[in-house]
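J.: Each chain, written out:
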Amino acid sequence: MRKLISIREFPIFVVFVLFYLTAGLGNHQIFTTSGLHDILFGSAIVALLAVAETLIIVMKHIDLSIGSVIGFSSYLIGKNASEGHGLFFCMSIGVGLGLLVGALNGLLVAYFRLPSLVVTLGTLYLVRGYFSQVVGGDFINSGQVPKLLTSMATHTFVKVPLLFIVSLIVALIVGLYMRNMRSGRDLYAIGSNHSAALLAGINVAHRTFWAFTAAGGIAGFAGAVLLARYGQAQANSGLGIELNVVAACVVGGVAIAGGVGTVYGAIIGAILLQTIVLALGALGVSQFWQGVVNGALLIAAISLDKILSMRSVRTQIMRKVQHD
Amino acid sequence: MQEVLQIAGAAKRFGGVHALIDANLTLYAGEIHALLGENGAGKSTLLKSLAGVHQLDAGSIRLFGRDFNVSGTRGSQDQGIAVIYQEPSLFPDLTLAENVFVGRQLGKGLKVDWREMNRRAGELFVRLGVPLDPSRRARGLSIADQQIVEIAKALSLNAKVIVMDEPTAALSGSETERLFGVARSLRNEGAALVFVSHRLDEVMELCHRVTVLRDGATVATAAISEVDIDQIVKWMVGREVSELFPKVASNIGETILKVEGLSREGQFDDISFDVKSGEIVGVAGLVGSGRSEVVRAIFGVDKYDSGSVEFLGEKLKRNSPGEAMQRGIAFVPEDRRQQGLFMPISILKNISITMLKTLSNFGLVSRSQELAEGEEWSRKLQIKFNSINDSVDRLSGGNQQKVVLAKWLSTRPRLLIIDEPTRGIDVGTKSEVHRFISEQASRGLGILMISSELPEVLGMADKVLVMREGRLVGRFSAKDATPENVIAAASGAN
Amino acid sequence: MISVKNNLKQLNQNLTWDKGVGILLVLTVIFGWVMTPDFASTSNLGFVLQDIGEILIIALPMTFLIIAGEIDLSVASTLSLASSTMGYAYRSGLGFGIAVFIGILVSILCGAINGFLVNYLGLQSLAVTIGTMGLFRGLCFVLLGNQPVNQLPDFWANLGSESIPHTFLPWSVVIIIPSVIIAWVVLHRTRVGRWTFVTGISAEAARFSGIPDKRFKFWLFVATGFMSGVAAFVYTLRFASASPDSATGYELSVIAAVLFGGVSIAGGFGTMWGVLFSVLELGAIRSVLQLINFTANALQMVSGALLLFSVALPRVIEMLKTRREARVKPSVTSLTSSRSV
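Protein chains in written order, with numbering that gives the first Met the number 0: chain U, 0 to 323; chain A, 0 to 493; chain V, 0 to 340.
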């Protein structure tokens with residue numbers, strides 16, 4: 000039992016339960032399976048992106064470009080589908096875009112050693128700008144979305160929305176990688192102590208590059224999920240989602256300082272954010288407070304993290320008094 | 000006994016500073032060998048050469064009879080030499096087992112075998128006699144335990160030579176005993192250990208043989224059973240002190256700085272002393288005894304928990320270097336490059352940074368006034384440079400230190416605090432700096448000087464304070480201070 | 000090969016980054032003029048100035064922040080919040096002047112919040128200002144819902160679109176020009192400017208030199224908030240409305256402009272000339288693109304590319320330099336020598 004409590008994700012789970020209960024008090028509908036369904040459905044996309052972002056944040060980096068990637072990818076998938084290409088082909092285009100952008104980020108961060116903030120800020124707008132330019136006023140409507148995707152959006156498996164299950168599966172894959180694969184563990188080492196990682200012989204540049212590429216690929220894949228969820232895509236798709244994703248990660252225990260956190264926590268963080276939105280609605284707070292809450296939560300999570308984890312211990316000079 | 004490591008004639012230069020001139024060390028299997036020497040004697044340079052951080056300019060290192068060629072710490076680890084530093088650098092968020100096997104995690108193919116890693120790490124900890132849980136995270140581990148993890152890592156790499164650099168500085172009595180137990184058991188298994196420390200009592204207790212470095216060369220090697228602490232001290236200190244420092248007589252006046260009961264948890268406790276105008280107060284002690292922390296707290300860069308500081312009769316505000324500076328205190332810090340100077344910026348701008356307010360008319364900095372002040376002080380201190388607009392990182396260590404001095408003396412202070420005035424400076428500039436400090440004292444400036452170089456402290460100070468482990472343990476007037484007294488107080492050899 | 004190296008070396012010494020941007024600006028203007036004569040017309044210049052007005056205003060304090068080693072991603076949200084506050088206050092019946100005053104107070108408060116979180120709680124400015132970016136933007140929607148405030152007093156609304164009589168200059172230059180001059184003087188000629196540079200190089204050494212670095216950076220954030228409020232005033236008048244989604248993406252343009260102007264993202268280096276040229280260049284590029292019928296979105300792309308370019312280029316130069324130096328230095332030989340013990 001003690002071990003359960005000490006897991007980093009446990010307190011977040013508790014907070015989620017509390018908010019869920021609060022939400023339910025205001026609106027009993029939430030306690031029903033359809034209420035739970037709505038929460039999971041609504042958080043599926045942020046959860047999936049948060050999984051990708053976790054790979055980056057544990058290395059003490061950040062990727063702000065995923066919002067642009069997911070938007071552009073969803074459009075490309077829809078556009079190609081409407082032109083008659085098969086689903087697999089369309090998905091490849093979307094994932095391919097993600098991998099390309101991710102590789103660009105990875106190249107600049109890992110090999111040019113540029114700060115990931117600035118790099119991904121740049122690619123965010125580079126991609127978004129190009130996307131807007133390409134799309135113009137065009138948009139994908141529900142009629143053009145591949146049938147498979149639309150049906151996935153409406154189906155459930157054991158009452159859990161399929162779209163969420165997709166996110167869950169990706170999370171499991173990435174999570175297993177990060178926990179059990181040597182190169183996955185290296186990501187934590189890099190974020191925990193960069194210089195020691197270099198000294199220990201870890202190929203930091205290599206790992207960093209591939210992490211960014213993979214994150215981009217997942218974001219590209221998520222384009223399909225976005226398309227399925229909303230049944231449409233246009234120039235604004237995915238705009239501003241970065242804030243939600245980073246908030247979900249940080250709230251879910253993936254510390255901005257790197258080295259710690261799991262994709263499972265990130266998913267719980269995404270669910271928690273969604274629950275808070277519903278809880279606020281249940282309490283009669285207007286939806287316009289959503290942005291405020293996201294921002295405040297992010298700040299609170301960062302502050303709490305700083306206070307709780309005092310990394311640098313002041314040099315002990317005086318011999319510790321031994322109470323034997 | 001089998002000869003494991005042989006260092007012969009090692010030499011290393013950094014710019015104008017000869018860190019090593021002729022260092023020799025022979026290490027046998029199954030011994031714990033002490034490497035001693037004052038700060039600046041070359042110990043850390045020698046260790047870094049073993050660890051692969053530096054390349055020697057001359058001399059040879061032989062490991063098991065074969066040439067030891069290394070670049071980068073990876074190489075030295077693979078060849079069997081592990082260095083354990085005073086403050087190990089672990090990965091706080093990884094488990095202990097992961098820390099031991101970082102970068103070489105145990106497993107089949109790409110997958111990590113957690114069970115095997117935990118088992119092997121656990122075995123290592125048991126072998127070392129310290130029951131640590133391999134599956135716990137490293138964060139929060141005490142320094143003593145962190146060292147054990149580092150030693151376990153060294154063992155997992157089959158290190159034959161384990162070097163421990165000032166390992167006991169941050170340990171409690173029982174943790175030190177535990178570490179000694181580990182060292183002894185390692186030695187019994189045939190490893191060769193090098194123990195670097197200033198704590199002579201510990202050296203006498205733990206080690207079999209000792210090598211003393213002085214000014215970059217080995218001056219003595221002996222069996223511990225055949226020497227005593229006094230002899231070791233004599234080897235460490237060496238030359239006659241009186242010849243070196245032209246001390247200018249000065250009139251010692253009123254008290255300008257009064258420190259009472261200054262304490263900061265874990266760093267220093269109950270520090271009280273005073274400095275008078277015209278007086279040079281030297282603060283001696285081992286590295287890590289808390290001296291820098293005390294003066295930083297006085298100047299205000301660090302905080303303190305209790306006690307008081309009075310300057311020129313009035314209480315000095317805590318934690319405000321700006322205020323200290325305004326009231327007339329100057330502070331030349333220990334680390335020139337990180338704390339004392341802005342390396343990419345010009346000499347002129349470094350000197351003027353403290354004086355900008357007075358150099359301004361209507362808020363605008365007067366370039367002509369700035370230049371005049373900069374040139375005046377460069378002249379006074381004889382700073383050698385190409386152009387005053389060159390960046391300071393082009394200068395030699397000695398000239399850089401002079402820039403720091405210029406920066407502070409231009410504020411016309413009443414008290415000058417200097418932490419290691421001549422560290423990493425060539426001999427010629429050293430005496431210039433000493434002469435300058437003496438002159439300032441004779442003009443009425445009070446000087447508070449931390450120095451780890453015994454001759455410097457003894458030669459220049461009117462009063463010598465000695466600190467050990469955060470406490471003031473010795474107070475000597477210039478007459479009474481001898482190398483033996485001071486080292487004895489500093490290392491607690493009594 | 001050798002001549003290329005020599006040429007590069009000379010180029011390196013004579014050509015500082017800001018001069019480079021200045022040259023680029025001239026080239027762009029010439030290019031634009033060649034493409035369409037309209038480009039160099041006074042009315043177009045007036046448009047460009049209006050276009051980049053707010054960006055320039057905010058780029059001024061942002062330059063100080065980045066040189067001092069920090070960053071603020073929330074500036075656009077602060078602008079929007081200030082503007083929304085002005086609109087809300089006016090719509091609630093307060094006089095326009097008072098509404099503007101309150102809006103600027105709000106922007107100062109935003110800056111103070113950032114300053115507090117970064118300097119007194121010790122949080123990283125990147126992460127914090129991502130949070131406040133969302134927070135402040137969210138508050139805009141709380142204030143105004145989805146409804147912008149479109150009714151502004153005629154006098155002020157007209158001021159936003161008219162030019163100063165007998166010139167092509169928009170009224171905003173009354174604010175912009177003095178701001179630029181003051182910013183230039185403060186950065187390059189006063190103690191505050193010196194403190195900014197040294198704090199960016201090493202906050203630790205700054206502390207050891209008696210500079211109250213935390214308090215100083217706090218006020219830099221406050222100044223950034225204030226200027227965002229001033230920019231909000233200009234913005235509100237220009238569009239004659241206060242809308243909760245104002246200035247989206249402006250933070251990118253500001254940061255891209257500052258970095259492209261030669262200010263190093265690592266801190267400690269940069270000039271105001273460079274930033275000025277860079278913002279003007281941004282305006283020029285935007286104008287050129289419009290005249291060749293690119294959409295506004297293309298500017299985003301260009302800004303993104305410029306941003307990447309401005310951080311990558313110094314790094315590439317540095318990497319080339321170290322590679323060159325490594326080849327020149329004699330390789331370290333093995334350790335053994337014939338020295339006798």
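Hints in this document: simulated from the structure, not taken from any laboratory. Treat the hints loosely; a few may be bogus.
[Said to hold, decoys possible] Calculated lysine-lysine pairs in the PhoX-like style (CA-CA distance at most 25 Å, straight line):
no.	chain 1	residue 1	chain 2	residue 2
1	U	Lys-305	V	Lys-213
2	A	Lys-316	V	Lys-213
3	A	Lys-110	U	Lys-59
4	V	Lys-320	V	Lys-18
5	A	Lys-302	U	Lys-305
6	A	Lys-429	A	Lys-314
7	A	Lys-462	A	Lys-478
8	A	Lys-302	V	Lys-320
9	A	Lys-429	A	Lys-462
10	V	Lys-213	A	Lys-356
11	A	Lys-462	A	Lys-233
12	V	Lys-213	A	Lys-314
13	A	Lys-110	A	Lys-275
14	A	Lys-314	A	Lys-257
15	U	Lys-78	U	Lys-146
16	A	Lys-379	A	Lys-356
Owing to the predicted nature of the structure, the values given are computational and were not obtained by experimental measurement.
J.: Determine for every hint whether it applies to the structure shown.
T.: Going through the hints against the structure:
Straight-line distance between C-alpha atoms of Lys-305 of chain U and Lys-213 of chain V comes to about 18 Å, which keeps the hinted pair within the 25 Å bound. A threshold of 25 Å between alpha carbons decides the hint, and for Lys-316 of chain A with Lys-213 of chain V the separation of about 17 Å falls inside it, so the pair holds. With a C-alpha separation of about 23 Å, the suggested pairing of Lys-110 of chain A with Lys-59 of chain U holds against the 25 Å cut-off. At most 25 Å may separate the alpha-carbon atoms for a hinted pair to count; Lys-320 of chain V and Lys-18 of chain V meet this at roughly 21 Å.
Our distance criterion of 25 Å between C-alpha atoms is met by Lys-302 of chain A and Lys-305 of chain U, whose separation comes to about 20 Å. Under the criterion of a C-alpha separation no larger than 25 Å, the hint pairing Lys-429 of chain A with Lys-314 of chain A is inconsistent with the structure, at around 34 Å. Simply put, Lys-462 of chain A and Lys-478 of chain A have alpha-carbon atoms about 9 Å apart, close enough for the 25 Å limit, and the pair holds. The suggested pairing of Lys-302 of chain A with Lys-320 of chain V is violated, with an alpha-carbon distance near 42 Å, which exceeds 25 Å.
Annotation: proposed proximity of Lys-429 of chain A to Lys-462 of chain A holds, straight-line Cα distance about 21 Å (limit 25 Å). Taken as a hint, the Lys-213 of chain V and Lys-356 of chain A pair is honoured in the structure, with Cα atoms around 19 Å apart against an allowance of 25 Å. Under the criterion of a C-alpha separation no larger than 25 Å, the hint pairing Lys-462 of chain A with Lys-233 of chain A is consistent with the structure, at around 22 Å. Between the alpha carbons of Lys-213 of chain V and Lys-314 of chain A the distance comes to roughly 23 Å, so the proposed pair stays at or under 25 Å and holds.
For the proposed pair Lys-110 of chain A and Lys-275 of chain A, the alpha carbon gap of about 68 Å is over 25 Å, so the pair is violated. Taken as a hint, the Lys-314 of chain A and Lys-257 of chain A pair is honoured in the structure, with Cα atoms around 9 Å apart against an allowance of 25 Å. With a CA separation close to 14 Å, the supplied pair Lys-78 of chain U and Lys-146 of chain U stays within the 25 Å bound. Taken as a hint, the Lys-379 of chain A and Lys-356 of chain A pair is honoured in the structure, with Cα atoms around 22 Å apart against an allowance of 25 Å.
In this structure, the earlier hints numbered 6, 8, 13 are contradicted, and the remaining ones agree with it.
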